[in-house]
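Please build the complete structure, drawing on both the sequences and the hints.
Residue strings, one per chain:
There are 2 protein chains.
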Amino acid sequence: MRAEIITIGDELLIGQVVDTNSAWMAERLNEYGIELYQITSVHDERTAIIKALDEAFGRVDIVLTTGGLGPTKDDITKQVLCDYFGTHLIESASVRAHIYDLYKDRPDVLNRLTATQWLVPETATILENRVGSAPLMVFNKESQLLASMPGVPYEMKIAMDEQILPYISRQLSAIRNQIIHRTLQVTGIPESSLAILLEDYENSMPQGLHLAYLPKDGIIRLRLSSYGELTEEEMTYWFAELKRLTADYLIADTDEPLEVIVGRMLKERHQTISTAESCTGGKLASLLNKHAGSSAFYYGSIISYDNSVKEHVLGVPAALIKAHGVVSEEVVRVMAESVRKILNTNYSIATSGIAGPTGGSEEKPVGTVWIAWATPEGTTAECFHLGKLREQITDRACMKALIGMIERIRG
Amino acid sequence: MRAEIITIGDELLIGQVVDTNSAWMAERLNEYGIELYQITSVHDERTAIIKALDEAFGRVDIVLTTGGLGPTKDDITKQVLCDYFGTHLIESASVRAHIYDLYKDRPDVLNRLTATQWLVPETATILENRVGSAPLMVFNKESQLLASMPGVPYEMKIAMDEQILPYISRQLSAIRNQIIHRTLQVTGIPESSLAILLEDYENSMPQGLHLAYLPKDGIIRLRLSSYGELTEEEMTYWFAELKRLTADYLIADTDEPLEVIVGRMLKERHQTISTAESCTGGKLASLLNKHAGSSAFYYGSIISYDNSVKEHVLGVPAALIKAHGVVSEEVVRVMAESVRKILNTNYSIATSGIAGPTGGSEEKPVGTVWIAWATPEGTTAECFHLGKLREQITDRACMKALIGMIERIRG
Numbered sequence: 001m002r003a004e005i006i007t008i009g010d011e012l013l014i015g016q017v018v019d020t021n022s023a024w025m026a027e028r029l030n031e032y033g034i035e036l037y038q039i040t041s042v043h044d045e046r047t048a049i050i051k052a053l054d055e056a057f058g059r060v061d062i063v064l065t066t067g068g069l070g071p072t073k074d075d076i077t078k079q080v081l082c083d084y085f086g087t088h089l090i091e092s093a094s095v096r097a098h099i100y101d102l103y104k105d106r107p108d109v110l111n112r113l114t115a116t117q118w119l120v121p122e123t124a125t126i127l128e129n130r131v132g133s134a135p136l137m138v139f140n141k142e143s144q145l146l147a148s149m150p151g152v153p154y155e156m157k158i159a160m161d162e163q164i165l166p167y168i169s170r171q172l173s174a175i176r177n178q179i180i181h182r183t184l185q186v187t188g189i190p191e192s193s194l195a196i197l198l199e200d201y202e203n204s205m206p207q208g209l210h211l212a213y214l215p216k217d218g219i220i221r222l223r224l225s226s227y228g229e230l231t232e233e234e235m236t237y238w239f240a241e242l243k244r245l246t247a248d249y250l251i252a253d254t255d256e257p258l259e260v261i262v263g264r265m266l267k268e269r270h271q272t273i274s275t276a277e278s279c280t281g282g283k284l285a286s287l288l289n290k291h292a293g294s295s296a297f298y299y300g301s302i303i304s305y306d307n308s309v310k311e312h313v314l315g316v317p318a319a320l321i322k323a324h325g326v327v328s329e330e331v332v333r334v335m336a337e338s339v340r341k342i343l344n345t346n347y348s349i350a351t352s353g354i355a356g357p358t359g360g361s362e363e364k365p366v367g368t369v370w371i372a373w374a375t376p377e378g379t380t381a382e383c384f385h386l387g388k389l390r391e392q393i394t395d396r397a398c399m400k401a402l403i404g405m406i407e408r409i410r411g
Numbered sequence: 001m002r003a004e005i006i007t008i009g010d011e012l013l014i015g016q017v018v019d020t021n022s023a024w025m026a027e028r029l030n031e032y033g034i035e036l037y038q039i040t041s042v043h044d045e046r047t048a049i050i051k052a053l054d055e056a057f058g059r060v061d062i063v064l065t066t067g068g069l070g071p072t073k074d075d076i077t078k079q080v081l082c083d084y085f086g087t088h089l090i091e092s093a094s095v096r097a098h099i100y101d102l103y104k105d106r107p108d109v110l111n112r113l114t115a116t117q118w119l120v121p122e123t124a125t126i127l128e129n130r131v132g133s134a135p136l137m138v139f140n141k142e143s144q145l146l147a148s149m150p151g152v153p154y155e156m157k158i159a160m161d162e163q164i165l166p167y168i169s170r171q172l173s174a175i176r177n178q179i180i181h182r183t184l185q186v187t188g189i190p191e192s193s194l195a196i197l198l199e200d201y202e203n204s205m206p207q208g209l210h211l212a213y214l215p216k217d218g219i220i221r222l223r224l225s226s227y228g229e230l231t232e233e234e235m236t237y238w239f240a241e242l243k244r245l246t247a248d249y250l251i252a253d254t255d256e257p258l259e260v261i262v263g264r265m266l267k268e269r270h271q272t273i274s275t276a277e278s279c280t281g282g283k284l285a286s287l288l289n290k291h292a293g294s295s296a297f298y299y300g301s302i303i304s305y306d307n308s309v310k311e312h313v314l315g316v317p318a319a320l321i322k323a324h325g326v327v328s329e330e331v332v333r334v335m336a337e338s339v340r341k342i343l344n345t346n347y348s349i350a351t352s353g354i355a356g357p358t359g360g361s362e363e364k365p366v367g368t369v370w371i372a373w374a375t376p377e378g379t380t381a382e383c384f385h386l387g388k389l390r391e392q393i394t395d396r397a398c399m400k401a402l403i404g405m406i407e408r409i410r411g
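Residue numbers (our numbering), protein chains in the order written: chain A, 1 to 411; chain B, 1 to 411.
Read the hints as simulated data drawn from the structure, not as lab findings. Each hint should be verified, as a subset may be incorrect.
Since the list gives no way to pick one copy over another, a pair counts as held whenever it fits inside one copy or between any two copies.
What the hints assert, rightly or not - Pairs of lysine to any residue, SDA-like flavour, derived with a Cα cap of 25 Å:
id, residue 1, residue 2
1, Lys341, Thr231
2, Lys267, Pro376
3, Lys141, Glu91
4, Lys388, Val260
5, Lys290, Val260
This structure is a prediction, so every number in the text was calculated from the model and none was measured.
Written out as structure tokens, the structure reads:
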């Protein structure tokens with residue numbers, strides 16, 4: 001079974017908004033055994049929307065649209081869908097009651113534009129949008145269906161999980177493929193060398209098994225995929241082979257973000273972590289506490305962007321900074337040991353580097369990053385050269401910091 | 001002049017990767033007066049790629065593809081483009097020399113798979129990819145053109161800025177529309193009420209002028225757009241009117257991120273800022289030092305996720321936490337004043353809230369966030385209720401913190 005997503009909104013096509021919805025939706029669809037065949041982003045423009053609908057219905061069983069459902073003039077999706085499916089808007093008492101309830105503490109929102117939100121296409125099935133005013137609409141077109149939902153990410157997510165996916169599941173209970181993805185993560189080998197290492201493996205893979213290479217921030221994710229052609233057992237065999245062949249470079253045998261792996265290892269061991277960050281500026285801290293449950297192992301951080309903070313809060317001697325520079329093994333080691341002591345944690349990570357665009361020198365060019373890990377067994381530090389662009393350097397530094405932490409917790 | 005982007009890669013359609021490239025490319029195209037008409041994401045699959053190419057060439061002048069250019073088996077874009085344009089691969093001495101130079105310090109990369117990277121389509125114009133091994137390819141199809149580049153974001157960005165956009169500019173020097181976008185940001189008014197406030201304005205707008213509402217994290221961005229129909233002067237007039245009508249809710253009359261506005265205000269005043277974060281966990285710090293030049297005003301942060309850090313580093317009395325709870329006006333005020341003093345900055349912001357999914361109570365449900373701002377004039381605090389989802393709560397808390405800071409710096 002195949003689906004397409006049509007995202008509707010000028011903001012995506014002028015670069016004002018990044019489409020994070022589609023990736024989330026793709027993952028969920030795959031869990032339900034539905035393959036996402038294409039994603040199309042179009043303007044809030046009748047012709048473009050209708051063309052996209054026609055093309056999508058020519059290819060797939062399920063069309064999902066996001067966006068264009070607000071009460072303002074620029075949003076035209078509901079009216080275009082009415083025209084496309086040959087129906088018209090009628091008042092829905094239940095949507096009206098829901099909106100009154102939603103805004104019971106905010107009577108200023110119950111104005112005449114909000115009132116347009118309880119007009120719904122007569123032939124559509126209306127599902128409840130628990131957290132917003134735009135109704136979720138499902139249209140049937142012979143054996144195909146279209147579901148329309150808001151583009152606001154958290155409204156879309158609740159709509160998909162609570163209403164649209166269960167609805168699709170009930171309606172389209174035909175045979176679905178079992179889509180299986182298995183991912184592992186490696187580091188320390190160039191992509192082309194990895195492909196040569198895996199050449200015999202790839203040549204011996206059965207029909208229907210796909211291997212993809214996804215390099216990012218110094219890590220290569222290797223993904224095996226099957227769209228209904230291999231069994232769980234066959235996938236387990238091929239994945240085990242892949243693990244065996246890449247063992248020297250393996251960081252993880254799941255697709256989990258590295259900070260989740262660090263968090264799980266620490267929770268299992270009832271241990272804690274803190275960070276002292278200069279160039280990463282809180283990015284590493286944000287990663288470590290991004291996921292629910294992080295308060296069990298993440299205590300806190302001292303972000304010492306300015307040297308005064310390194311000296312007065314982390315106690316890095318001014319003479320040490322003067323002698324070696326802030327981007328040095330000596331300074332980053334003191335930062336790590338100091339934050340571990342001040343925050344009283346089992347582990348700590350410290351970063352100091354030149355994120356650019358200015359501040360580089362011949363000896364220490366932009367992209368130079370020192371990272372130190374303080375553990376119950378002692379402190380170690382490494383120097384990295386992580387590229388030329390500010391965001392790339394700090395993202396890669398976080399990945400290096402997490403890889404180093406995983407290795408050191410494993411011991 | 002119109003363009004379309006075709007992103008090629010299974011990783012986008014199974015949700016493993018979020019497409020951040022398209023938004024960036026859209027913005028750049030607009031600056032060059034090129035309208036992005038559609039974005040399409042397809043699998044690494046011959047039929048899907050060819051169908052997308054055909055459809056795109058039926059609609060626009062310029063087709064840009066990203067992805068599928070790696071040396072590994074899953075990447076098929078180069079071969080599919082050869083077939084589509086009826087040409088074949090030949091060896092390029094200049095690409096070969098470039099790749100040898102690129103990997104001169106890493107001979108392990110110069111293996112036989114990397115060698116496939118200097119095979120290029122005979123009829124394509126090859127542009128140099130300064131930072132990677134995949135050549136940039138441009139194909140001409142009568143008056144239309146296609147440019148193919150890697151999907152790795154930093155390679156794509158350098159390719160677009162240094163090679164592809166200048167090339168397009170030279171080749172397609174036909175009359176281009178002047179695309180103008182003007183954006184302002186408001187807060188504290190529901191979207192529907194704002195639309196009612198602007199109803200007469202919208203009804204009087206001339207043909208070719210578009211107004212869009214973009215609500216996110218408690219801020220509504222209002223964008224005026226013209227695709228070649230209005231002059232700069234006309235846009236300036238309509239934008240000034242929009243500013244006048246929304247003056248009571250206006251935060252900014254540009255599309256700049258709020259942290260950039262805070263940074264500029266502080267730099268102009270030679271003032272500095274620090275943060276003490278609990279629920280936002282370093283996200284606010286990361287925003288404040290995200291952009292180049294932030295070391296001029298951002299000193300550092302104390303991320304006090306665990307209560308021990310609030311007590312021992314920020315000096316919040318245990319009795320105060322016991323009496324009022326960590327999510328309270330009393331605690332957040334001490335956090336802000338303390339970090340301002342310890343880090344010796346002019347301003348500081350402190351956050352403490354319940355990001356969930358657990359930890360809420362009847363009195364303080366998930367989403368409750370206290371924010372305090374310490375300034376040379378004194379300390380103030382506010383309580384917010386920011387939704388139910390962890391990421392939404394912390395993102396919105398950062399926006400509230402920045403809005404409050406802008407207001408207080410303005411005085």
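request  = Please work out whether the CA atoms of Lys341 and Thr231 approach to 25 Å or closer within one copy, between two copies, in both situations, or in neither?
outcome  = neither (51 Å within a copy, 62 Å between copies)
query = From the Cα coordinates, with 25 Å as the cut-off, is the pair Lys267 and Pro376 best called within, between, both, or neither?
reply = Cα proximity of Lys267 and Pro376: one copy only (16 Å, versus 42 Å across).
inquiry  = With identical chains, the pair Lys141 and Glu91 could be close in the same copy or across copies; at 25 Å between alpha carbons, which is it: within, between, both, or neither?
reply    = within (23 Å within a copy, 51 Å between copies)
message = My question is about Lys290 and Val260: at a cut-off of 25 Å on alpha-carbon distance, are they close within one copy, between copies, both, or neither?
response = Close inside one copy (9 Å) and across copies (23 Å); limit 25 Å.
inquiry  = I want to check one pair: Lys388 and Val260. Are their C-alpha atoms no more than 25 Å apart within a copy, between two copies, both, or neither?
reply    = This pair counts as between: shortest inter-copy Cα distance 22 Å, intra-copy 27 Å.
In this structure, only the earlier hint numbered 1 is contradicted, and the remaining ones agree with it.
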